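*Asks:* Spelled out, the chains give:
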Amino acid sequence: MKRIYVAAARCTACRTCEIACAVEHSLSRNLSLAIAEEPRPVARVRVGNAGGRPLALQCRFCEDSPCVDACKSGAMHRDDAGAPQIDRERCVGCWMCIMVCPFGAIEADRSRKVALKCDLCAAAGTPVCVEACPTGALLYGEREEFVTALEEIR
Amino acid sequence: MRRTVDRAAEKVLDAAAGHAPATVWDRSDAMEPRCGFGDLGICCTICLQGPCRIDPFGPPGQKGCCGADVDTIAARNFLRAVAAGAAAHSDHGRDIAGTLLHAAKGEAGGFRIADPVKLAAIAKELGVDAGGLAPEPLAEKVALACLDQFPRAPLPFMNRAPEALRKKWTKAGLRPKGIDREIVEALHRTHEGVDVDYRNILLSGMRVALADGWGGSMLATELSDVLFGSPSPIRSKANLGVLKADEVNIVVHGHEPALSDMVARAAREGELLEYARQRGARGINVCGLCCTSIELLMRQGYPVAGNFLSQELSLLTGSVELMVVDVQCVMPGLADIANCFHTELVTTSPKARMPGVTHIEFDESKARLTAHQIVRRAVDRFPQRRRDRVNIPDETMDLVAGFTVENIFSNLGGTFRSTFRPLNDAIISGRLRGVAAVIGCNNARVTHDEGHLAMTRELLARDVLVIQTGCSATACAKEGFLRPEAAIGIAGRGLREICEAVGIPPVIHMGSCVDNSRILRALCEVVREGGLGEDISDLPVAAAAPEAMSEKAVSIGCYAVASGIFTVFSPPPRVEGSRNVCEFLTSGMEEITGGRFSFERDPLKGAAEMVAHMDAKRTALGLPPAMYGAETAAAAPVEG
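Those protein sequence lines, which keep their order, are chains A and B. 1 is the number of the first residue of the first sequence in the numbering used here; add one for each residue after it. 1001 is the number of the first residue of the second sequence in the numbering used here; add one for each residue after it.
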């Protein structure tokens, strides 16, 4: 399956991906309006600190997804392609998925009491964070494509 | 997004597509997506502990490392923009004052006092004792009195403002302590760990801006009139079609009138014309871009090739031998395009040089010589022009420019001297709903000229007389709105009656962007004429910059608001990240000066807000509604 891959060396921690993600998951899809929406739109990608270096990270779509195993309500499930997804209707906000995610890639939307994570922009073309990244640190594609791209970057 | 609504610009872009160097639009596309933190004004790079960003989707109460919150950060960034804009205008004013001083002492080769009558009038306002002095010694005193406004108060031109406004300024502490001093103070104030109160910071912005509008910009306008002559209504042409296929094309670009005045004069001299003929050209064609061009247009009727976003396109026509630039709004991208053609780009200001570009420094004492040298270089390039690469669109448009406070109504009503009575009467009767100043830049993030045209068309249809300057005026000139006959097609019935009776265009061109000070003065005259309240904020007037781009525009917007004018400003000046800052600018200011901002992006909605504002002011003054209000509205339904 196509995934978002991160070329860590290119990440400059500008957080443009975070903004693009929050706007994409807002009601208005317009930055000026989105920042005033209540409840606040939530980004599903976060620029974190990976051993002193910045790293933009979102759901890795693990094959062995601890979040799915930990979910007691069945909200976190695998779709037909085997990718972990959240059914927001069934989420009870227990945050167990957040506890077990090895990447810290699940966000708690406290106002709505649901867990949120990357949905690859519902697979409608290239995810916005990838489009938005000004340095090309985020790539969207098959694993082999990423390996090739990474060699070029190096 | 469509790049431009200007047919000539579109033709040049289409012809260049695929095989020409990148233009501002290509580079703008490459900038997408813009950084959201920067766009919202909530990235602070002031101290070296940062950059600190406030997450606009994060919880409230976030702080930068020093403890500054989102309001402080947005307000400080905003103030720095205002200070930079005010600095640009005011430094331009300083240079004009310097040229006047040198001209008065006979040290500025070729410059002399062109309007001694205006000089005497200004001297009186500045409290300079004319005492039977000849123009030159008087000019020296006036220049010094103007230069004295930079380090310290008072700014005597502020006395032009209605008493009610002056009282508001004093009460709110908005009296500038000197032009330079306010700018320096703004930089101090925004330094790490100084002013934290966003209201206090924003008020400082208003004070800096007032020092620009009623100081630096105003003295630039007045002294330019003294030095280069006061404009009077004059016919000319606009758009890229003013470039000539068989003549040497010299494009003047930037903002200052001094060198371009000399270049234009040199290009008329027999010796150089003969030199051009020897090189195979039929003549020497001087035209321009941005405000340098407008200074030449207003006083001598030289044609305008385009506005800010047309600058690269003028070179892409392959027909420009030489572009001479001074300061402000000169895109660095010009150098790359000039390199692809036979065009020579020449910088002239010690403040504005470009790597690899010819620099011929403008020295006032040798102004005539420098201008000759520049024209000669242009002629030398003419034989290198490649006919097969010349692509001049045939679009040109007639226009009338050259209006000033002194002359705008001097031909009105058949009276001997200038009076604003006919304008006031037209507003009072409701033939005119009000007056709008549509001004400002172009911006690659907005479809070129679309904002100016859509807004102006809408206002005209609703019987609003539109006053313009700068790139906005050029946009409307290209569309034909600056022709008196334009009133027949696009103006509402009341406005058309006025235009036809007086023979003025429905859109009045009042000059360059420093000449927005003329608009301030005109509004003071309207108040003084009587019958429309005691203050500028009482008048049924509004302002707008629908395609704002530069920091100068931010400063202009602020001095308009600080002078009591409702001002629609788009795109917003990077303050949206702070609700409090936005709130203060869009409503808090109204309690202080009666003016306020609106950051409405849609030009038609912006125009509707301006019209609603005028109607509210009419009601407050006890005036009847616009005479043909309903009829006009029906004739011009809001599009989209």
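It is worth saying that the hints were derived from the structure and are not from the lab. Everything numeric in this text was worked out from a predicted model, so none of it was measured. Among the hints, erroneous ones may be present.
Facing chain B, according to a computed beta carbon distance under 10 Å, are these residues of chain A, among others [as the list claims (entries may be wrong)]:
hint : residue
1    : 18
2    : 20
3    : 26
4    : 27
5    : 40
6    : 42
7    : 98
8    : 131
9    : 132
Built from N, CA and C at the ideal position, the CB exists for glycine as well.
*Asks:* Evaluate each hint against the coordinates.
*Replies:* Evaluated hints:
{"no.": "1", "hint": "18", "result": "7 Å, holds"}
{"no.": "2", "hint": "20", "result": "6 Å, holds"}
{"no.": "3", "hint": "26", "result": "9 Å, holds"}
{"no.": "4", "hint": "27", "result": "13 Å, violated"}
{"no.": "5", "hint": "40", "result": "5 Å, holds"}
{"no.": "6", "hint": "42", "result": "7 Å, holds"}
{"no.": "7", "hint": "98", "result": "17 Å, violated"}
{"no.": "8", "hint": "131", "result": "7 Å, holds"}
{"no.": "9", "hint": "132", "result": "5 Å, holds"}
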